[in-house]
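Protein chains in written order, with the numbering used here: chain A, 1 to 225; chain B, 1 to 438.
Hints listed in this document are in silico derivations from the structure and should not be mistaken for laboratory results.
Each hint should be verified, as a subset may be incorrect.
Ranges of calculated distance between the beta carbons of each label pair, as one might list FRET restraints [unchecked claim]:
#, chain 1, residue 1, chain 2, residue 2, range
1, A, A18, B, A208, 38 to 46 Å
2, A, S124, B, L272, 38 to 46 Å
3, B, T181, A, K197, 48 to 56 Å
Covered by chain B, according to a simulated footprint, are these stretches of chain A (three or more residues, beta-carbon under 8 Å) [stated by the list, open to error]:
#, region
4, 25-38
5, 73-79
6, 171-184
The structure presented is a predicted model; accordingly, all values stated were derived computationally and were not measured.
Backbone N, C-alpha and C define an ideal beta-carbon position, used for all residues, glycine too.
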Amino acid sequence: MNVLIVEDEQQLAEEMAAYLSKEGFLCEVALTGASASEQIAVNRYDFVLLDLGLPDYEGLDLIAEIRVGNADAALLITTARGAVEDKVKGLDLGADDYLPKPFALMELLSRMKAVARRKFGTASSLLQAGSFTLDLNARTLLHKDQPVTLTKKQFDLLEYLVLNKNKALSRIQLYEHIWGNMLDDQYDSNFIDVHIKNLRKKLKEYDQVDWLTTVRGVGYKADLE
Amino acid sequence: MKLRTKLTLANLLFKILFISIFVAVTPWLSQRINLYQTDNELIAKREAVIDLIAQYGVEPFITADSENLFASYNILKEEYIVLEQTPLEEYWNYIEVSPRQLGDETIDYRVLNYGFLVDGQSYLLEIGKSLTSIANTEANVRRITWFFLLAFLVISSLFELLYTGAILRPFKILTKKISQTNDPEKFDARPLSTTTSDFQVLDKTLHALMEKINTQIRNEKQITQNISHELLTPVSTLRIKLENVLQDPRLPNKQIAKIEDALQTLYRLKTLVNTLLKIARIESSQYLKNERIELGTLLHQVVEELDHLAKDKHIDVQVLNLENLELKEGNSPLLFSMFYNVVNNAIKNTPEYGRVIIEGLHSTTSQAICIGDNGPGIPADLLPHLFTRFKKQNPADHSGSGLGLAITKAIADFHQIDLKVESAVGEGSRFIFALPAL
Chain A
1 MNVLIVEDEQ QLAEEMAAYL SKEGFLCEVA LTGASASEQI AVNRYDFVLL
51 DLGLPDYEGL DLIAEIRVGN ADAALLITTA RGAVEDKVKG LDLGADDYLP
101 KPFALMELLS RMKAVARRKF GTASSLLQAG SFTLDLNART LLHKDQPVTL
151 TKKQFDLLEY LVLNKNKALS RIQLYEHIWG NMLDDQYDSN FIDVHIKNLR
201 KKLKEYDQVD WLTTVRGVGY KADLE
Chain B
1 MKLRTKLTLA NLLFKILFIS IFVAVTPWLS QRINLYQTDN ELIAKREAVI
51 DLIAQYGVEP FITADSENLF ASYNILKEEY IVLEQTPLEE YWNYIEVSPR
101 QLGDETIDYR VLNYGFLVDG QSYLLEIGKS LTSIANTEAN VRRITWFFLL
151 AFLVISSLFE LLYTGAILRP FKILTKKISQ TNDPEKFDAR PLSTTTSDFQ
201 VLDKTLHALM EKINTQIRNE KQITQNISHE LLTPVSTLRI KLENVLQDPR
251 LPNKQIAKIE DALQTLYRLK TLVNTLLKIA RIESSQYLKN ERIELGTLLH
301 QVVEELDHLA KDKHIDVQVL NLENLELKEG NSPLLFSMFY NVVNNAIKNT
351 PEYGRVIIEG LHSTTSQAIC IGDNGPGIPA DLLPHLFTRF KKQNPADHSG
401 SGLGLAITKA IADFHQIDLK VESAVGEGSR FIFALPAL
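Isolated chain A (complex conformation):
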């Protein structure tokens, strides 16, 4: 999943990016409100972590922009402003959660996971896909308690398909959310196809994966329940 970190304090932004990257997120950083506004207008994100107290931009305006350009993105507000008003206003405008500064990175991560679960309508961090179980916390795949080794990208791909189950995802959507925007000029539909092919092959060693279907002319879908 890809995350936009909007934070004017560069060191904090880098720390957040490094931590979240280790946890399997794809991070982009915007150090100014202007560049955040631009990135929001151009790219798609699963998460936006927004510092409301940006010196060059009214944070609440950014929320409105996110709601237009990235309606699906989960929005987490981080700010030193303790004011209840801002918090309420932010949540009113559509923020999914609010995290006052200073916060621990672990706290941030667990809030993000909670928001993701809410957004994708899952109650637990264990997702069922046919006879397979995805452990979103440990980022591992199990087949009847037996671990299945996947590459990081294969897991990301599977996770994204299963989280968006029964929804046809285009190759572009998959590429954007899992590989991000840095390499978008190198996008090639074959890229995703080969990954899916390998993923299917790997899963078939354990069980049938009829639920992982190809949607002609569109992309892929996890047909579950």
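Given the coordinates of chain A, work out where chain B should sit on it, guided by the hints.
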């Protein structure tokens, strides 16, 4: 060569030439001057002797027992006077050089011969001056001149070196300032302190130029930001609308495919604009370049990222000698995408069961990374346009933006990496990234 050295050398050369001519001409000239001087002295002495004779007659000099001859040499035989009564057919009055035998040595004299009549008798007056004494004086003078000239040469050259050094110091500061300015925004804007008006003008012009460039860069930043925002917001809106249409479960498959097609076109438009903006931003140095980057690690990540594509085509990707390849200042996402583009291209263009080699080249003076494949190669006539925007090796190939290598080149330039391509049709291509010297 430095301007200061050049100036000093030119001056030195001129002085040496001048002095050489002077030294070559002086012996002849000083001889002439000396002879002239000597002759004048001899004539003055003749006048004195003639005056004496006019006053006292020849008797005080010539007596009967002196055999009509008077001769006087000074002790060191540098000069002599001879007065002789002798029959003369004409009155001699000339100066010549003639040798005289004195004891066992022969001395060259400058001799004045003068004939005159006293009481009907003709006399010859000879006044001589030794040429050796003249030569001695001459040699002395010459030695002093030589010493003086040499001293002049050394002292004046030293002085010039110091003087030009001092005068050219502002110039030196200015050149240093320019050569250290990679980024016009970081140009040291403090005015140069100098009294030389040429340097003041130069300094002012440079400052004005830098300021102009900075304004342009600021404008470009503003423009790129505006383009990005204004151009891509409608694209984004259009995309959201199409995606919402796709959510309708009643939509027939045929329509879905068409809308998906439109979405792909939109995505291409987005990446195209994005990539062009990215190139513009790289070219105007809007990216940070502040990380120390271990290129071996980065390349391993690139290979890992593309591993599945290589395996799918059974391409053997070899990674060799990538230890200790480092960039002092770099932007890791940019460098990642630079190598990603080239490795991705190599895998894409190499047929099944081919080979891609990523190799570090180390020498004592330089380091490079070479990414080579044994694919079909690039025709020689396409090589010069390889990094040109929208030039594709295969115009029918619709994958990618046609900007991949243009952005690769821009990123390489941004990091002062010299990127070269070698290719032969049928043998493969090699992309060589020569790293800046550490």
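| query | Count the residues of the region 25-38 of chain A with a beta-carbon closer than 8 Å to any beta-carbon of chain B: does the count reach three? | reply | Since 4 is at least three, the answer is holds.
| query | Taking the CB of B/T181 and the CB of A/K197, does the distance hold inside 48 to 56 Å? | reply | holds, 52 Å
| request: Evaluate the given range 38 to 46 Å for the C-beta pair formed by A/S124 and B/L272. | output: holds, 42 Å
| message | How does the region 73-79 of chain A fare against chain B when you require at least three residues with a CB closer than 8 Å, holds or violated? | response | Coverage by chain B is violated for the region 73-79 of chain A (0 residues, Cβ < 8 Å).
| Within 38 to 46 Å or not, the Cβ separation of A/A18 and B/A208? | holds, 43 Å
| query | Against chain B, does the region 171-184 of chain A show at least 3 residues with beta-carbon separation below 8 Å? | reply | holds (count 5)
Hint compliance for this structure: hint 5 alone is broken.
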